[in-house]
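Engineer: These protein sequence lines map, in sequence, to chains A and B.
Residues in the first sequence are numbered from -6 upward in steps of one, following this note's numbering.
Residues in the second sequence are numbered from 421 upward in steps of one, following this note's numbering.
Just so you know, these hints were derived from the structure itself, not from any lab.
Keep in mind that a hint or two might mislead.
Stated by the list, open to error - The list that follows gives simulated cross-link-like pairs (lysine-lysine, DSSO-like), each with its CA atoms no further than 27 Å apart:
| # | chain 1 | residue 1 | chain 2 | residue 2 |
| --- | --- | --- | --- | --- |
| 1 | A | Lys20 | B | Lys640 |
| 2 | A | Lys20 | B | Lys745 |
| 3 | A | Lys289 | A | Lys201 |
| 4 | B | Lys1079 | B | Lys640 |
| 5 | B | Lys639 | A | Lys239 |
| 6 | B | Lys668 | B | Lys614 |
| 7 | A | Lys194 | B | Lys1079 |
| 8 | B | Lys1083 | A | Lys194 |
To be verified - Pulled from the structure, derived: some chain B residues nowhere near chain A, Cβ distances all over 10 Å:
| # | residue |
| --- | --- |
| 9 | Gly438 |
| 10 | Asp473 |
| 11 | Gly517 |
| 12 | Asp537 |
| 13 | Ser990 |
| 14 | Pro996 |
| 15 | Tyr1013 |
| 16 | Gly1020 |
| 17 | Ala1057 |
| 18 | Ser1120 |
Built from N, CA and C at the ideal position, the CB exists for glycine as well.
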Amino acid sequence: MKVICPRLALAGAFATVSGVVPPRSPKPILSQVKFQAVPGEAILIGTDSEIGIRYELDSAEVIQPGEVLLPCARVSAILRELQGERVTIEATDEATVIRGERAEYRLPTSDPAEFPVVQGFDAVDYHILSSESLKKLIRRTVFATDTESTRYALGGVLCELKGDGLTLAATDTRRLAVVHGVCTAHGAGAPASVIPVIPSKAMSQIEKNLGTGDEQAWVAIRTNDVLVRTGPVTISSRLVEGRFPKYQDVIPAETPISFPLIAGAFYSAVRQAQIVTSDESRGVDFVIAAGMMTLKSSVAEVGQSTVELPIAYEGEELTITFDPRYVADFLKVLDPAQTITLGLQDSESAAVFTTDDGYTYVVMPLSKDS
Amino acid sequence: MSRIRQLPPTIFNKIAAGEVIERPASVVKELMENSVDALAQRIDVEIEAGGADLIRITDDGEGIHPDDLLLAVSSHATSKLETADDLFRIRTFGFRGEALASIAEVSRLQIRSRTPDAIEGREIRSDLGNLVPPIPCGAPVGTQIEVADLFGNVPVRRKFLKGAATEFGHIAEQFTRIALAHPRLHLALRHNGKLVYELPACANLLDRIAMFFGQDTAKKCIPVESDLAGVRIWGFVGHPNLSKATRKGQYLFLNGRWIQDRTLQHALGESYRGLVMVGRYPVCFLFIEMPPDLVDVNVHPTKSEVRFQDSQPLYRQLLAAIRTKFLALDLDSQLRMGTGSSSAAVANAPSVDPKAEVVQRELVSWARSQSLDWSRPNSSPGGSGSSAHPAPTPAAGRIWSPRDPGYAYLTGQITRPDAFTAPRDTAGPSSGDSSDDLSRDLAPLTATSLATLPAPETEPAQFPASGFDTADYAATYTGTSFESGPATSTVSASDLTALATGSLTSSTTEALGSSAPATNSAPVRAMQVHDCYLVVETEEGLTVVDQHALHERILYEQLRNRVLAGRLESQKLLIPQPIDLPAAERALLAEQYDLLAQLGLGVEDFGGSTIVVTRYPGMLSRTDPARIVRDVCDLLATQGKNVSPRDLLDSLLHMMACKAAIKAGQRLSPEEIDALLAQRHLCDDAHHCPHGRPTALTLSRNELDRQFGRLGA
Chain A
-6 MKVICPRLAL
4 AGAFATVSGV
14 VPPRSPKPIL
24 SQVKFQAVPG
34 EAILIGTDSE
44 IGIRYELDSA
54 EVIQPGEVLL
64 PCARVSAILR
74 ELQGERVTIE
84 ATDEATVIRG
94 ERAEYRLPTS
104 DPAEFPVVQG
114 FDAVDYHILS
124 SESLKKLIRR
134 TVFATDTEST
144 RYALGGVLCE
154 LKGDGLTLAA
164 TDTRRLAVVH
174 GVCTAHGAGA
184 PASVIPVIPS
194 KAMSQIEKNL
204 GTGDEQAWVA
214 IRTNDVLVRT
224 GPVTISSRLV
234 EGRFPKYQDV
244 IPAETPISFP
254 LIAGAFYSAV
264 RQAQIVTSDE
274 SRGVDFVIAA
284 GMMTLKSSVA
294 EVGQSTVELP
304 IAYEGEELTI
314 TFDPRYVADF
324 LKVLDPAQTI
334 TLGLQDSESA
344 AVFTTDDGYT
354 YVVMPLSKDS
Chain B
421 MSRIRQLPPT
431 IFNKIAAGEV
441 IERPASVVKE
451 LMENSVDALA
461 QRIDVEIEAG
471 GADLIRITDD
481 GEGIHPDDLL
491 LAVSSHATSK
501 LETADDLFRI
511 RTFGFRGEAL
521 ASIAEVSRLQ
531 IRSRTPDAIE
541 GREIRSDLGN
551 LVPPIPCGAP
561 VGTQIEVADL
571 FGNVPVRRKF
581 LKGAATEFGH
591 IAEQFTRIAL
601 AHPRLHLALR
611 HNGKLVYELP
621 ACANLLDRIA
631 MFFGQDTAKK
641 CIPVESDLAG
651 VRIWGFVGHP
661 NLSKATRKGQ
671 YLFLNGRWIQ
681 DRTLQHALGE
691 SYRGLVMVGR
701 YPVCFLFIEM
711 PPDLVDVNVH
721 PTKSEVRFQD
731 SQPLYRQLLA
741 AIRTKFLALD
751 LDSQLRMGTG
761 SSSAAVANAP
771 SVDPKAEVVQ
781 RELVSWARSQ
791 SLDWSRPNSS
801 PGGSGSSAHP
811 APTPAAGRIW
821 SPRDPGYAYL
831 TGQITRPDAF
841 TAPRDTAGPS
851 SGDSSDDLSR
861 DLAPLTATSL
871 ATLPAPETEP
881 AQFPASGFDT
891 ADYAATYTGT
901 SFESGPATST
911 VSASDLTALA
921 TGSLTSSTTE
931 ALGSSAPATN
941 SAPVRAMQVH
951 DCYLVVETEE
961 GLTVVDQHAL
971 HERILYEQLR
981 NRVLAGRLES
991 QKLLIPQPID
1001 LPAAERALLA
1011 EQYDLLAQLG
1021 LGVEDFGGST
1031 IVVTRYPGML
1041 SRTDPARIVR
1051 DVCDLLATQG
1061 KNVSPRDLLD
1071 SLLHMMACKA
1081 AIKAGQRLSP
1091 EEIDALLAQR
1101 HLCDDAHHCP
1111 HGRPTALTLS
1121 RNELDRQFGR
1131 LGA
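Between the sequences and the hints, there should be enough to build the whole structure, so can you do that?
Structural biologist: In structure tokens:
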């Protein structure tokens, strides 16, 4: 095998793929990146056996097709340090040679046939949306997953594709994030029998690789796995097994108390109040009164705090206690200028935050009575 | 002078009732066993108010012959024995002929029965011992027995009964035992008219297990089977992570009869050594089938204890069966790993849960090291003569840091004081092998093989009294108190801990008598070894402290102060989490809902044996709520009704402290070590962390001098 690549493009592709390669693994082959040269392009593949990334590098000049395994950490360092415009990768039976302008590395070869198969984007039924909006949808849900739960489905994001819309939902049973987006369908939708829960680790990986431009993202959900393609990158992941809770049921239908807030200002107030909390005593009282919301926290041995925030509310006074981190998680992913609506029922029931762009966040209060 | 006289039947039946019929659950057990003995296919059990008001058991068995009804309720009358010799080959559950007579004496009993060839049924009643002669009645084939107003004429006993939920918990447990032993029976249990269990006949035990303990448990059951010299052991043992805080998950059945047996429990514990923490017990559903003449079941009125003619072969067979199984798991996993890396299909196939894989690997490496140890003495029968082996000090010393040869030698001494190992023939010859196996990462598991591999074939009497407390040791082996022996109260984490506890505690007691523990006033000179223990010089000698246990203890004290000062927060759940519990545990928990609510743990009934957690203590936000509830259940099971809010809070705090504390394997800076040791006094009054592991060991100056031959010089 012999390939000549532009150095920067190759280094970029390698960095993308190595994002999923486990630093330590009981299976040494997983700490390698598969480099595949086919006529017209080079394909880089990395996987941790659950998530796989393929990068199709079409700027590579393939002189002789073939495939080789490259030790991820070592080659990352080589590509970072090499100089010159171009890098030549040549594999023989004895060794893999990486050559830059004034340096040459010979690395031992191992058998590429042992490397697990990572799917390319071969789906015929898929949905298309802009990569920017997919990125936003993922950022708004993935934080609410619970990867340590014994209910494995909570460790992923539910991804429902329907016709020209998609809904992502994630919950750790204390709070729930649901967000709707638009997309266009190509071919048939996802198989109806599948409950498509995508592991949060895969979601984060997908989010990381999505650009903010107008680039398109192609999403295909199949019986056992999900494929997401943007530009030259295809990420595949197996789906989480298990039942996702019926999230629609826990969103309160009506909230008698409701008022608007500016995300940035509210976030700032919550962060200020959060300073005086501890692991054992995390509650912050949100006192909602006419014209003013007061955030009060008080922890023995830590101290007390009072933070005020003017609000457009004219009703009865109500105090509700939240773990401020749950509120902050939500506010953090919003545009500071965005207006949100806080809906409350009473001090013991779920609170609902909504935005005007299809984002709903439900959080359960802390109860302090004993 | 009072004269000796023969007691009338009503009195001796009452006396017998005292031991046979202890509580409503005993009635249920005796009557269900009668039904099984009567070849019933279906048994319905109905309970009112925990069994104190009514117990009704209906079966479709062969019935009682009309002429025998009166005999059935008189004592020492049974259909199950004919000659005295039968007593030594009992194939039925009952045989003493006491149960019905005893029940008749202390309750309002009604028996209706019809044999298949009779045209009508017969009914007999007994009102607190006053028999009403049999009268004809209509009845289906089989027997229906109603026991109402139990202990109506024994007010003390009646008062002694616990709440309906607790008593029903006991009944459910008895029901569970019989249901597990007889998967082919159709069984139903109702309480106050509500159906608790309806178990259709099923072909295999696993289905029953799933029915009682949930699919999760059933999926983690590992089948075990062994057939040796007419003794068959079969059933399921639980995956190590199913372990419980009590032995309640251990179901042992001998010829279909639920039994408790210290020897077998110990064998089970040994076979899991290193896989479950000390203080946790593996789960099992094991059936032993052996010729009835090899075992005496006539030991205790309730027959839950038996005497084996020779328990040692059984001990070894059980141990071997489970270990062989763990080794077999090894083959499976290797196979999977081999194909895993080459085959293309793997990427698509749902991959094995990595955690499970890790556990399996640990299991395998542990089982390997164990099998080495244990196969040796077994292969050479009469192993008691094999104690002549080279002193293994260098090998044992190698585990320790080579930086400090003094420590290495010291450990050698701690690990193998001659008086301690010499008489122990099984541990002796194996020590060389297992030390070789001790690679650093496997140390936590394999090291235990050095520690306390029991010598089942060695009689306690063979232990000479030198060097350690024989009485304590004998107790450990005969099984009168497994937990009390210092050598067994250790944990897999450390060979040092394991062995040193045994030798140190005993030798200190011997050499020093009641010597005072280390004082805090002395300037601290400490070093960290293996990133796990702190070795501290004290005035009396040196102390080895488990850094995790110490930090956990310190955090616990801090947390408790903070929690007592403030309000308890509880995080409500948006989506309540359902948890399946066995009926007995659910019943226990049901009585404590209010108490749990005070602590911020909201639990509600969900129907059947399922409960839901609606909120949980905010300070435990990193812990799975289901785990909290299960641990609380275990606590309630061990402490019964007397558990106080304080105890429960304590256990929650311990859980939290344990999670937050530094772990073994964490390197500490000298400043951190000083800060930790500054609060060492907290450890002095608690020699064990909540998991039952010792927190600190002391090696006295005297002991050091003795080991180096300086004593009396």
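Engineer: Does the claim that alanine 1057/B lies outside the interface with chain A hold up, using a Cβ gap greater than 10 Å?
Structural biologist: holds (21 Å)
Engineer: Just double-check proline 996/B for me: nearest Cβ-Cβ distance to chain A has to come out over 10 Å.
Structural biologist: violated (8 Å)
Engineer: Confirm or reject: serine 1120/B is not an interface residue toward chain A, with every Cβ-Cβ distance exceeding 10 Å.
Structural biologist: The claim stands: serine 1120/B keeps its Cβ more than 10 Å from every Cβ of chain A (closest is about 39 Å).
Engineer: Taking only the CA atoms, is the gap from lysine 194/A to lysine 1079/B under or equal to 27 Å?
Structural biologist: holds (24 Å)
Engineer: Against the 27 Å threshold, does the CA-CA distance of lysine 1083/B and lysine 194/A hold or violate the hint?
Structural biologist: Answer holds: lysine 1083/B to lysine 194/A is near 26 Å, not above 27 Å.
Engineer: Serine 990/B clear of chain A by more than 10 Å, beta carbon to beta carbon?
Structural biologist: violated (5 Å)
Engineer: Please settle this one: aspartate 473/B was flagged as non-interface, so is its CB more than 10 Å from every CB on chain A?
Structural biologist: Given a closest Cβ separation of 36 Å, the condition holds.
Engineer: Against chain A, does tyrosine 1013/B hold up as non-interface, every C-beta pair farther apart than 10 Å?
Structural biologist: Label holds. Min Cβ-Cβ 14 Å, cutoff 10 Å.
Engineer: Run the distance test for lysine 20/A versus lysine 745/B: straight-line Cα separation, threshold 27 Å.
Structural biologist: holds (25 Å)
Engineer: Is the straight-line distance between the alpha-carbon of lysine 289/A and that of lysine 201/A 27 Å or less?
Structural biologist: violated (36 Å)
Engineer: Is the claim that glycine 438/B lies outside the interface with chain A correct, judged by CB distances over 10 Å?
Structural biologist: Since the minimum Cβ distance to chain A is about 44 Å, glycine 438/B lies beyond 10 Å and the statement holds.
Engineer: Against chain A, does aspartate 537/B hold up as non-interface, every C-beta pair farther apart than 10 Å?
Structural biologist: It holds; aspartate 537/B is separated from chain A by about 54 Å at its closest Cβ, greater than 10 Å.
Violated hints, listed in ascending order, are 3, 13, 14 and 16; each of the other numbered hints is respected by the structure.
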